[in-house]
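Chemist: All chains, full assembly: derive it from the sequences and hints.
Number of protein chains: 2
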Amino acid sequence: MEVVPMPGYQNRILRVNLTDRTFKEEPLSDDLIHDYIGGRGFGVKLLYDDLSPDIDPLGEENEIIFVAGPLAGTSAQSFSRWKIFFKSPLTGGYFMSSGGGHFASELKFSGFDVVIVKGKSERPVFLWINEGKYELRDASYLWGMDCDDTHNLIREELNNPRVRLACIGPAGENGVKFAGVFSDRRAAGRGGGGAVMGSKNLKAVAVRGNKKIDLADPEAFSAAVKEQVDRYRAAPHFKSFSRTGTQTPEFTNVLGIFPTRNFRGGVLPGIETMDGSVFNEIRARNTACHNCMIHCGSISKIESGRYKGSWSEGPEYETIWAFSGPILSSDIGLTVAADKLCDDMGLDSISTGNAIGFAYELYEKGVISKEDTGGLDLTYGNDKPVLNLIKQIALRKGIGDILAEGTREAARRIGKGSEQYAIHVKGLELPAYDPRGAKAHGLNYVTLNIGADHCAGYAGQEIFGAPFKGKAVDRFAIEGKGEITKWNQDDRAIWNCGVMCNFATGYIDLELYGRLLSAATGRKEFEDPDYLWLVGERIFNLERMFNIREGFGRKDDTIPERLQKEPMEDGPSAGKVFEIEPLLRQYYTVRGWDPETGIPSHAKLKELGLDFTIKA
Amino acid sequence: MEVVPMPGYQNRILRVNLTDRTFKEEPLSDDLIHDYIGGRGFGVKLLYDDLSPDIDPLGEENEIIFVAGPLAGTSAQSFSRWKIFFKSPLTGGYFMSSGGGHFASELKFSGFDVVIVKGKSERPVFLWINEGKYELRDASYLWGMDCDDTHNLIREELNNPRVRLACIGPAGENGVKFAGVFSDRRAAGRGGGGAVMGSKNLKAVAVRGNKKIDLADPEAFSAAVKEQVDRYRAAPHFKSFSRTGTQTPEFTNVLGIFPTRNFRGGVLPGIETMDGSVFNEIRARNTACHNCMIHCGSISKIESGRYKGSWSEGPEYETIWAFSGPILSSDIGLTVAADKLCDDMGLDSISTGNAIGFAYELYEKGVISKEDTGGLDLTYGNDKPVLNLIKQIALRKGIGDILAEGTREAARRIGKGSEQYAIHVKGLELPAYDPRGAKAHGLNYVTLNIGADHCAGYAGQEIFGAPFKGKAVDRFAIEGKGEITKWNQDDRAIWNCGVMCNFATGYIDLELYGRLLSAATGRKEFEDPDYLWLVGERIFNLERMFNIREGFGRKDDTIPERLQKEPMEDGPSAGKVFEIEPLLRQYYTVRGWDPETGIPSHAKLKELGLDFTIKA
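Going down the list, the sequences are from chains A and B.
By the numbering used here, the letter at position 107 of the first sequence is numbered 441, and the numbering carries on one by one without gaps.
By the numbering used here, the letter at position 267 of the second sequence is numbered 601, and the numbering carries on one by one without gaps.
Worth flagging that the hints you see were computed from the coordinates, not collected in a lab.
Fair warning: there could be bad hints in the mix.
Since the list gives no way to pick out one identical chain from another, each pair is judged satisfied if it fits inside one copy or across any two copies.
Unchecked claim - Calculated cross-link-like contacts (lysine-lysine; reagent style BS3-like; alpha-carbon spacing at most 25 Å):
1. Lys725 <-> Lys642
2. Lys642 <-> Lys454
3. Lys731 <-> Lys718
4. Lys699 <-> Lys725
5. Lys452 <-> Lys358
6. Lys731 <-> Lys699
7. Lys750 <-> Lys699
8. Lys858 <-> Lys546
9. Lys899 <-> Lys889
10. Lys731 <-> Lys704
11. Lys949 <-> Lys889
12. Lys938 <-> Lys949
13. Lys467 <-> Lys454
Modeler: See the structure below:
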């Protein structure tokens, strides 16, 4: 099939069926581009159209869709995120996860915007896409290998060291429900995309190419990029990411929302030994994604203590938290060692830390004992078992085999009242912000279509004091949080079309973003912020309709009782609970959804051009 | 300094002094090229000239010299070995070690034939040579990292994935006396070059470039290369390396010279589970050095048993033996796992296997007990402690700290009669051929200037039945072995100038080799086999004079008493001993050395143009 590239896009979707080893190329439809722009928009629309409800997330019928945005591979800054879409084995619903590095740009250079993989290969394979050509190659010998080895050996096999990969580690192969997909230690970690790949016997997608990306208006595009760069440089805190990484503990601990002991407390003693200045000390050098001047990443190396010699790329805030707060440790060495081990094994560090924190609480409560842990002493403050537990989870050994199911399912299997200690929304474990001290942030956990995540609806108004529509926001207040949450969610859906990095969007605005999109693609409608808001809301609602088709509803827009009923135990958010009912009611109303059922109204769906989701 | 490249050579030596961080470029002298050709010739002459006797091998005054040959980086096949030269911390004498892969060709492409590093950096550094330019870069964060991580992180730091490295792992940093230097899992393993680099705080030498290698007579060179390729293709066993690797066990075990239990027996029960057909099964794919059609390397992967999931590049014969015969195991999984661990840690597998075999015998004899081993049960046949011991050696933990000194020094420290169990020559542990069943092979161990090695003087006449001057050779015979040994040693010195791989030299002859050298360099004298033999003998004798300057003499041309006095216990070589005295006397005579002292006569030295080694 001859497909003509169009500006911004390569205008090519590659469909791969692993069952019968067939390939199919498709152009992007004009409607798809107009209605969904790219990135997350493409992902949700394609997944909605392709999947039937009730399929097994780990079965042949599920898909994993890899998407690069229309600005990936261009000179625009910070558009190098890639996204994966699939029905999640952890939540049973729509899922989107996102990683950085160089995979998105290289996918574009290889000639494709989107790769859709379905079916199941008889034997382990990897998909090799090279300059518009593609093949499945044997990956039997790679099965069992960690992510770094997989990268090295595939590059060596292809004699092409500039190949970029999205691959899984042992965790994905073993069907760990929160196994991620990794590219040069950058993870699309959440939701179990790694398990989906593993279920298909797909070890990796490898991409390489030199295909250029046309621009509709190169001059206007250059001018917009120049403006973008100038704005980055002028931003007062532009260099903070490269200096101290995502040192959010300095914010969240002060607010008392740094979750400790499985979301009981909100302040971690000794956290100053893991702050930005310490990270500055252990940072060997910065790393960056393709065409991004932020250089947020870093190679960190531990030079003393129990974890001497450990290193990782990162860790970022969520990982710093995942191996400290949940078990009451503040050893920066452990966070680095655990971060690397999760990257090697191919695990989402957030869910891994939660699963381990869950086990620690079960141990404290006497629900499990050393008999269950294989002799490991899971007493708070004892960090020695952590690396062992991570390996056990990845390899599904011992208690790791149960924890590998995620806290919701693990609690169901363990029983004995352990359900109350499983801290998740829709099956997805909570990130490192206690919702009792940040109500919009928590409302986002409750209503986000993928479950409790922080990447798509982050309430910067509450965490960093960003104003909302010119006004300061009281993080404890309930009033107005429905509107803020909707705004945060739709706003993020807009940027996720680009696909722009969350760390970067604050440096520019929708007007400039629209100009970048328009100059690249020639689609004038993308210049209009109102149009972008319409698309953002459309995306969010279509995700909702995916889940509703799967049987999700108001019953799933919930959060563990602990957060609703047990007041925060300590610190500046002490005494607070998360008032889900009034928050949710507000939110549904602002969304134009039925306040009782949480289902989008027909009017809203029609307004958003989502008529096709309305059942006859 | 402006240096004009000359055909075959880049005509550039880079001298680096790590103490004061200075660099100096030198051209190759006409005499050096004429008298020593390249490779091993350059290495021994430069080392002899540069070093004073009695310096500390781990002190600032020692050098490590990296050399690529005149044919490296050309289209000639199998000339991609690189060599390192240094005074050995294991033997206290001259040392040369050799590795494969792509480092030699890339060093040439970067603009240099030779890199000489001396001094000691205050902090860990790596040397980065890029297109004729060079700099020292901080390697503090790389200190402690394994060889694979070091490769990855340096390539990432330089944003140059085609960079080639020669680096050390933790073993070299920790001064393990048999730590090697590694390039993409290809090792210049023997003699402690890794410890020398470690003592200098030199983590790696990284090279990259696009500088072409001129050829004196491109047409003649192409014709010679074509002839070389044709000869490879016509050779009956050409594909055996790529099919079964270096499956020498099938030869040595049949001859009863596969050393078991620290060189007591010569036959390993169960060896058929590690034979070529098994390696063919576990081989995922072949690997190769730059411009080599042999493809001897392989990625091996273990799919069952205790070591399931383990993989390595290789293992080659010596490593297969090192973790089987010495401890009476025949688990192919262990050999693969141990091979990879040695590559990661940066250890010579031959000396590591010997050190472990030495410990097993001490344990058997009651010289050491579980108190000394930290509870490890070193009973023959129990392979469980092996990986642990390898790590302990690399990290100098527990008993590993003593074993890391090499068997000679370890025995000296342990005492209690353990010296009789240290199987080495000049401090270098024996490779995987029992000399009692291969007398020329053993005579080479005794007289090789680096100690007991198999790479430079291999007696293929005894191991594979190759004829010598048209006649079959009796491996047990003493008569004639002096001449064969000299021939094997000088012959190898000739090929080591190229630097041609030992696996490949059998496919061509000195006549064609000479034409390749001559067409590349324009040096007509290299076409004359008689001249090549002169250079080979010159090199070997200059090495000898290096050692004599260090105080070596006949007393060091010895071999452990076990091999001289204890008859081989089992198999087709049962009852044999190694008759050192008559063998050595023959050898000295053939060499033109004083039969009492083993010192080359003045006449011999003058004949070889080595007058400068004669003390006034």
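Chemist: Hints first: check each against the structure and report whether it holds.
Modeler: Okay, the hints, checked on the actual structure:
Both within a single protomer and between protomers do Lys725 and Lys642 lie at most 25 Å apart by alpha-carbon distance, with minima of 19 Å and 15 Å respectively. For the identical chains of this complex, Lys642 and Lys454 are inter-copy neighbours only, at 24 Å across copies versus 42 Å inside a copy, given an alpha-carbon limit of 25 Å. With identical chains, the CA atoms of Lys731 and Lys718 are at most 25 Å apart both within one copy (17 Å) and between copies (20 Å). Taking the shortest alpha-carbon separations for Lys699 and Lys725, only the intra-copy value of 24 Å comes in at or below 25 Å, while the best inter-copy value is 38 Å.
In this assembly of identical chains, Lys452 and Lys358 lie within 25 Å of each other by CA distance solely inside one copy; the values are 12 Å within and 59 Å between copies. Only within a single protomer do Lys731 and Lys699 lie at most 25 Å apart by alpha-carbon distance; the minimum there is 23 Å, versus 39 Å between protomers. With identical chains, the CA atoms of Lys750 and Lys699 are at most 25 Å apart within one copy only, with a shortest distance of 10 Å there and 55 Å across copies. Taking the shortest Cα distances, Lys858 and Lys546 sit within 25 Å of each other inside one copy (22 Å), while across copies they are farther apart (50 Å).
Only within a single protomer do Lys899 and Lys889 lie at most 25 Å apart by alpha-carbon distance; the minimum there is 18 Å, versus 85 Å between protomers. Taking the shortest Cα distances, Lys731 and Lys704 sit within 25 Å of each other inside one copy (15 Å), while across copies they are farther apart (30 Å). In this assembly of identical chains, the alpha carbons of Lys949 and Lys889 lie at most 25 Å apart only when taken from the same copy (21 Å versus 95 Å across copies). Taking the shortest Cα distances, Lys938 and Lys949 sit within 25 Å of each other inside one copy (14 Å), while across copies they are farther apart (100 Å).
Proximity of Lys467 to Lys454 under the C-alpha cut-off of 25 Å is restricted to the intra-copy arrangement: shortest distance 21 Å within a copy versus 50 Å between copies.
Hint violations for this structure: none, all hints satisfied.
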